[in-house]
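Protein chains in written order, with the working numbering: chain A, 1 to 465; chain B, 1001 to 1159.
Calculated from the structure, these hints are not laboratory results.
Don't take each hint at face value.
Claimed, not checked - Only pairs whose alpha carbons sit at most 25 angstroms apart, straight line, appear in this in silico DSS-like list of lysine-lysine:
#, chain 1, residue 1, chain 2, residue 2
1, B, Lys1122, A, Lys83
2, A, Lys132, A, Lys27
3, A, Lys83, B, Lys1024
4, A, Lys390, A, Lys367
5, B, Lys1037, A, Lys89
6, B, Lys1005, A, Lys47
7, A, Lys390, A, Lys315
8, B, Lys1122, A, Lys47
9, B, Lys1122, A, Lys67
10, A, Lys89, B, Lys1012
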Amino acid sequence: MGKKVVAITACTTGIAHTYMAAEKLQKTGTQLGYEIKVETQGASGAKNILTAEEIAEADGIILAIDKGIDESRFAGREVYRVKAAGAIKEPQKVIENAVGKIGTEKLAGTAVQTGQASKPANGEKGIKGAYKHVMAGVSYMLPVVVAGGILTALSFAFGVYAYEEEGTLAWALHLIGASGALGIMIPVFSAYIAHSIANRSGFAAGIVGGWVANSIGAGFIGGILAGFLAGYVTLLIVEKLSMPKSLQGVKDILVVPILSTGIVGLVMVFVLGKPIQAVTAALTGFLTSLSGGSIILLGVIFGLLYWDLGGPISKVVYTFAVGLLAEGVYAPMAAAMVCGMVPPIGIALATLLKPKLWTAEQREAGKAALFLGFSFITEGAIPFAAEDPKVILPACMAGSAVGSIVSLMMGAQIVAPHGGLFLLVIPNAIANVGGFLLALTAGAAVTMLLTLLLKTLDLKKKGSK
Amino acid sequence: MAKLKITDLLAKESISLTSTPKTKKEALDEAIALMAKSGKLRDIDAYREAVYARETEGTTGIGEGLAIPHGKSNAVIRPGLAAMTIKNGVDYEALDDEPVTLLFLIAAPDTEDNIHLDVLAKLSVMLMDEEFANALRGAATVETFLEIIDRADALREDL
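Model the full structure from these sequences, guided by the hints.
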């Protein structure tokens, strides 16, 4: 059997060259004795779609494209790039170069989203498949978090309350960063988890479900749930709901988005939203009953409750602390702020100390996370936690707990509900600055050490398998 | 529904077998005028712009005497074709620098109307067959020209 070649052709208008290039490659390839399959991405959609298996088995990959296409299916592979017209003109050279790896380009990454455009259902099942979907979501969420976090932090540079004055630059930066980017990070996350599972059909339910998760305060865990729910509900509707062929267009454009988005949204509101409300109320009562009791217990509880990194449970701690500000009790606010700052700082330090344990992307994200941590933007830790929860979450909980105990024991107090290290420049915002910094350092150190320890153990376990 | 044929999109009045353009621009303009004759265009200038814009991205003279200029624009009322044979050839800045002797102009509306686009794609693929292209170049009358397409169209059920 001949060598296997796969190709994608796509031109800008998608009505002529796409198909001519495909025909040339197909004919020439067959004549030369190759087993060739060509996917056309023309104006009327993709045809003759390559499956993940075909791509995996290919000895040569040709991208005869004049426009950007989704190349994630070929991540980590050698591809030969050429214009569609080039494939029409010199099909033989194109095929031979692709197989002989002459002038080919190795695409970054490892094959992440297999079978993406083929059947909506990804071949990967179980934990491994789920991990890939989360990773796909993280990769889209990460730049949003970094942009949002840094811009929000910049707004604090004008003073932690500067953004409250409408029309100022600080206000604009806060609007873009905090309301804009950080406001949509969870929807983006869910949308691309759903997209990874069910392709474009899953996007609507994913992004809306994520937004609902965010607005009911379900945090990034709610976002993951929304993404998976959206993806699989969409798949189910696409596959199980049969409609006459003449109504196929109606199904794609009306039925699938309305049904999937409606179902996911309703589930988020009623099935997830109600319990979150109940738990939030119960925890708030619990915290109130603790105040005045053991400092160490309160510190531990703070740290443990911060496990969801700004999600609904952390919000309980935060809101509790902010509520006490009005009563003139400032120590819990300092402890809560330490809890929120420790995770991104600790993880960032871990990436800086042992870069070899992390991917290039994570190392860059680590640098941003350091700055986000300094600014009390816990979200900086979320991309890491979503990728590797069993390492990151315990490390963060322990670090936050240690940090908040130290903060409470040192009697650190903070009078503002946000701002992070920017508060240092504001007179009297922090009482016992030394105690506060000591608490941060201790917490971050614990998170860093635990992250490195757990990650190393985890990698060893995987390696020995 | 009967299967849509290529010739359903190519009106008689949009075919010229006696063209003698001197330049690529003349060839394109004449083809665009032929397209307008069969009432496919809402706005001939807007469509011309789309065709020229496509040409600046890279020549549609794909070699072996064949050119397939095309424009996708909302100035197009319904999808259509115009065809010209050019006995003496015209310099079209083709990929292989050979003069163009057969030209098909494609007009597509700015929608995702699959059936028609598929027909246009089919023609593009069929034109890669040199025998077919040469038969068209030799057609003496517009009727023969259409018949040749119909026959080849029916033979390529696979597309």
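Hints versus structure:
1. Lys1122/B x Lys83/A: Given that 25 angstroms is the threshold and the Cα spacing comes to 20 angstroms, the pair holds.
2. Lys132/A x Lys27/A: violated, 36 angstroms
3. Lys83/A x Lys1024/B: The hint holds at about 22 angstroms.
4. Lys390/A x Lys367/A: This hinted pair holds, its Cα atoms lying about 22 angstroms apart.
5. Lys1037/B x Lys89/A: violated, 33 angstroms
6. Lys1005/B x Lys47/A: holds, 20 angstroms
7. Lys390/A x Lys315/A: Satisfied, since the Cα-Cα distance of roughly 21 angstroms is no more than 25 angstroms.
8. Lys1122/B x Lys47/A: Satisfied, since the Cα-Cα distance of roughly 13 angstroms is no more than 25 angstroms.
9. Lys1122/B x Lys67/A: Between Lys1122/B and Lys67/A the Cα gap is close to 21 angstroms, so the pair holds against 25 angstroms.
10. Lys89/A x Lys1012/B: Outside the cut-off at roughly 31 angstroms; violated.
Checked against the numbered hints given earlier, this structure breaks hints 2, 5 and 10; the rest are met.
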